[in-house]
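Q: Chains as they are written, first to last, in the working numbering: chain V, 4 to 237; chain A, 61 to 334.
Just so you have them, the derived chain V footprint on chain A, three or more residues with Cβ under 8 Å:
1. 277-287
2. 296-305
Over 10 Å on every C-beta distance to chain A, these chain V residues come out as not near it, computed from the model:
3. Asp12
4. Arg30
5. Arg81
6. Tyr91
7. Phe203
8. Asp222
9. Val223
No wet-lab data here; the hints were simulated from the structure. Using N, Cα and C, we set each Cβ at its ideal position, and we do this for glycine too.
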Amino acid sequence: MAKLILSMDGLVLKEIPLNKERLSIGRKPHNDIQIDNLAISGEHAVVVTILADSFLEDMNSTNGTLVNGQPIKKHFLRNNDVIELGKYKLKYMADLQAGAAASEFEKNVATRSGQIKMPSELQLEPTDTLVRSSVGLASQPKPPVPNLAAAIQLLNGPNAGKELDLTKTLTTLGKPGFQVAVIAKRPHGYFITHVEGSQFPVVNGKALDAQAYPLGDHDVIEIAGIKMEFFHKA
Amino acid sequence: MMLRDALEMVVRTDPGLIRSHNEDAVFAEAGLGIAILADGMGGYNAGEVASGMAITRLADDLNRVISSCVTQEGSGSCDPSVIERHIVNEVGAANFAIFHASQSCSQYAGMGTTLVLAWFYDNRMSVAHVGDSRLYRLRGQVFELLTRDHSLRQEQVDNGMISPEEARYAENRNLVTRALGVDPSVDVEVHDFDVQPGDIVLLCSDGLNDMLEDEDIALTLSALGGNLPLAADHLIQLANDHGGRDNVSVILVKVLGDYSAPKGWWQRLFGCLK
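Next comes chain V alone, as it looks inside the complex:
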């Protein structure tokens, strides 16, 4: 089920499942989500959910509703959209269970077919030589790569302010022959690893060792004298 995560100043306050067709947000107590703050109108906005799709509508609020920094009247919500009402933020997390269920199924198939193999192997029957024991798992799609978009922004040097999206599975940083590090995009996050050079990358003021280091939102990386910030994109 899709949900909204209510936060203020980076502090998570509440998780709201979108289990109603119409979910109202406002300052007055009859709203489904009550936010008791003067910047919020009595009836500020509603989220209408039909099957897997959710729409956000501003109810002519005094201070308006922003999605990803843009004022909206009506908006079709996409995964990781950030709704702003005054100082409050609501992050929309789409229902990714359908995808997760599929990969769970895939895993089951894989383990089960492994088990089916077992008895014949235990009896030491001559199996057909040219058939690998893993056949039958053929036409599976690749597991989905989660779309946790992230980027780095240079904080100093001639290109300060420049942003670099981490779209590839590997992004190299630094100067070849002097100091090189790489950011790997993996299903469960982003990892920085030292590649070459006598200097190791510094993350949040601490030098790394040869191991891959999992990057967190707003980590500050220093490579070859250049500082940059890693951040997840909303």
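For chain V, the structure is supplied; the task is to place chain A on it using the hints.
A: Only chain A this time, still in chain V's reference frame:
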């Protein structure tokens, strides 16, 4: 430059996430200029036996061949046709040993193994393969597959029955048409390639190329080529991130410099005359 200094070799093998056994076997020795990778098949642990036998036998035999070549220096041992003959002989012998074991021992009945072998000599390499284990080369920005799988899938692609894209998801993608240890004799495919400093050669089992697109492999090699052990680790990690449904093995060879064979005075003279 000595082979030992001219080549950097890194070996990694991993059972993957699904299988409990690792039926792959690998061997690489920069001093000999030899890299061998085998992916075994057969019930119970016979696959491991077949690939293990192939690797140990070939490593020993080629070591012997190379040391005997070095002693009779300058006797034309660097001729591609001579190297090819050695490879065919030694792979044939390994094949027969595995076949013999599978015939004489009931629990090894029907075992077999694929093989891919690279032999570096005199700024060249000879590549031999049987089955669907592969050898790729990254030269500059060009990433190329230098072997052609001996598999039903490849045959179907060659006949135009299926497109290479369809082949990725074909049902019979793991059916190999040639393997070591299945028949008393084996048909080895051998090709000779020139080698340039900076080349990165990858030998891998199908656990890698079934899980990953070639572009992912190419990107890893070009981005991490400066740190070969890290590149190898990353390839294994990528295969496991994509499901890790099979054993995955890689051998990476980076050519650091020139390794032309030392020439005798009469060969140099001959070279001047030509």
